[in-house]
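Counting with numbering that gives the first Met the number 0, you get residues 0 to 339 for the letters of the sequence shown.
In case anyone wonders, no lab produced these hints; they're calculated from the structure.
Being a predicted model, the structure only gives us computed values, none of them experimental.
Careful, some of the hints might be misleading.
Straight-line C-alpha distance at most 30 Å; calculated DSS-like pairs for lysine-lysine [what the hints assert, rightly or not]:
| hint | residue 1 | residue 2 |
| --- | --- | --- |
| 1 | Lys-55 | Lys-14 |
| 2 | Lys-194 | Lys-258 |
| 3 | Lys-14 | Lys-220 |
Taking CB as the label site, the calculated pair distances span [said to hold, decoys possible]:
| hint | residue 1 | residue 2 | range |
| --- | --- | --- | --- |
| 4 | Leu-273 | Lys-59 | 39 to 49 Å |
| 5 | Ile-238 | Leu-92 | 45 to 55 Å |
| 6 | Leu-95 | Ile-49 | 23 to 33 Å |
| 7 | Ile-167 | Phe-15 | 34 to 44 Å |
| 8 | Leu-203 | Phe-46 | 21 to 31 Å |
| 9 | Leu-273 | Lys-14 | 41 to 51 Å |
| 10 | Lys-14 | Met-84 | 34 to 44 Å |
| 11 | Val-70 | Ile-238 | 38 to 48 Å |
Idealized CB from N, CA, C, for every residue including glycine.
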Amino acid sequence: MLYIYYIIFFNMFNKFFIIWNLINFAIIPLFFYDLFMMWFFMEINNFLFICYLCMKLTNKKIIFLYYIIQVIASLMLIFSLITNMFFFYNNKLFYLNFLISMMLKLGIPPFHLWMPMISLFMSWDTLFILLTIQKIIPFYMLSIIEVNIMFMYFMILSSSFISTFKMINLLNFKVLLTYSSINQTSWMLLLIFLKNLFWLIYMLIYSLILFIICIFFYYFKMSSNFFLNNFSSLNLNLICLMLSFNLASIPPLSFFFMKWMSIFILILNSNLHLIFILMMINSFILIYIYINLMNLTMFLFMFKSKLFNNLYTKLNFINFKKLPLLLYFSMILSLMIFFF
Numbered sequence: 000m001l002y003i004y005y006i007i008f009f010n011m012f013n014k015f016f017i018i019w020n021l022i023n024f025a026i027i028p029l030f031f032y033d034l035f036m037m038w039f040f041m042e043i044n045n046f047l048f049i050c051y052l053c054m055k056l057t058n059k060k061i062i063f064l065y066y067i068i069q070v071i072a073s074l075m076l077i078f079s080l081i082t083n084m085f086f087f088y089n090n091k092l093f094y095l096n097f098l099i100s101m102m103l104k105l106g107i108p109p110f111h112l113w114m115p116m117i118s119l120f121m122s123w124d125t126l127f128i129l130l131t132i133q134k135i136i137p138f139y140m141l142s143i144i145e146v147n148i149m150f151m152y153f154m155i156l157s158s159s160f161i162s163t164f165k166m167i168n169l170l171n172f173k174v175l176l177t178y179s180s181i182n183q184t185s186w187m188l189l190l191i192f193l194k195n196l197f198w199l200i201y202m203l204i205y206s207l208i209l210f211i212i213c214i215f216f217y218y219f220k221m222s223s224n225f226f227l228n229n230f231s232s233l234n235l236n237l238i239c240l241m242l243s244f245n246l247a248s249i250p251p252l253s254f255f256f257m258k259w260m261s262i263f264i265l266i267l268n269s270n271l272h273l274i275f276i277l278m279m280i281n282s283f284i285l286i287y288i289y290i291n292l293m294n295l296t297m298f299l300f301m302f303k304s305k306l307f308n309n310l311y312t313k314l315n316f317i318n319f320k321k322l323p324l325l326l327y328f329s330m331i332l333s334l335m336i337f338f339f
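Make a model of the complete structure from these sequences and hints.
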């Protein structure tokens, strides 16, 4: 009996120790400007995350796939840093290898296919770490490097539009959150390109929202498969509805103000009008995707509800059918207030 308690305590200690150090080794590089030091801390961070995956996942092939991806990206990064030492920041090979390694680590299209493949087999806590903590150091490395304008445009638009169109008709929540994270990467890259530290606040707020979503799915033991969930509870549906609308940046929810501020910074500090228009179109498409998903959720709730013939339930269903129209109206109204 004592041995069992020892094993349980040892596993809990290992998990908390690894998570604590994961956070520490993701924050410490923010106080450095040396790329070699950042690379060093990033490799320790990846090693700890792989250890955590070994404790949480039973599918070792997925862990090996993640390991191979990180090894390739790290080798390209260290190769670019070594070549940079000899060519003194004027080497195109340095920029090419550096940016490809960052795109691979961040899951930016076209180097994104490994992320949804891995996320399918991850638990909610490991998925949260992959989509937030593991991206801090690569973002910071990009923020201190002068990136070619056209290459940055490509990174922003590819991560924005490819992820959005991949989300259409997706019914797996983990894959949906993964593509949503890739989409939010485009906004953070845009802020990094403008040399604005607001990307850190954006990253923090997004991490908090994603943490709440992962805790919600973990606590209620909800399946990542859309059709396997229990839609008989109206309260659960309402919570899921609000969390999804927050990710979609619908006013007056918190994430809307993050995008609002990002647009404000974009308009004030640059003449990137085409990028601005394309990002807004992408946001509207994303809102449409989330609204369609939540309509399906409420439809399944009404289909499974035992009170389907009850007048109160019917009235609720009518209200939810009108919800997309009200949300679109509130979105247009907020944009009018913002511009005028």
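Each hint tested on the structure:
For a cut-off of 30 Å, the pair hint linking Lys-55 to Lys-14 stands: about 9 Å separates their Cα positions. For the hint linking Lys-194 to Lys-258, the alpha-carbon distance of about 16 Å falls within 30 Å, and the restraint holds. Of the supplied pair hints, the one linking Lys-14 and Lys-220 holds, its CA atoms being roughly 20 Å apart against a limit of 30 Å. For Leu-273 and Lys-59, the Cβ-Cβ distance of about 46 Å falls inside the hinted range of 39 to 49 Å, so the restraint holds.
Our hint of 45 to 55 Å for Ile-238 and Leu-92 holds, since their Cβ atoms are close to 50 Å apart. Separation of Leu-95 from Ile-49 is about 27 Å and conforms to the stated range, judged on CB atoms against 23 to 33 Å. One distance hint, 34 to 44 Å for the beta-carbon pair Ile-167 and Phe-15, holds here, with the actual separation near 39 Å. Distance hint for Leu-203 and Phe-46: a CB-CB separation of about 25 Å, consistent with the stated range 21 to 31 Å.
Checked against the hint of 41 to 51 Å, the pair Leu-273 and Lys-14 passes, with Cβ atoms roughly 47 Å apart. Distance hint for Lys-14 and Met-84: a CB-CB separation of about 39 Å, consistent with the stated range 34 to 44 Å. The beta-carbon spacing between Val-70 and Ile-238, approximately 40 Å, falls within the hinted interval of 38 to 48 Å.
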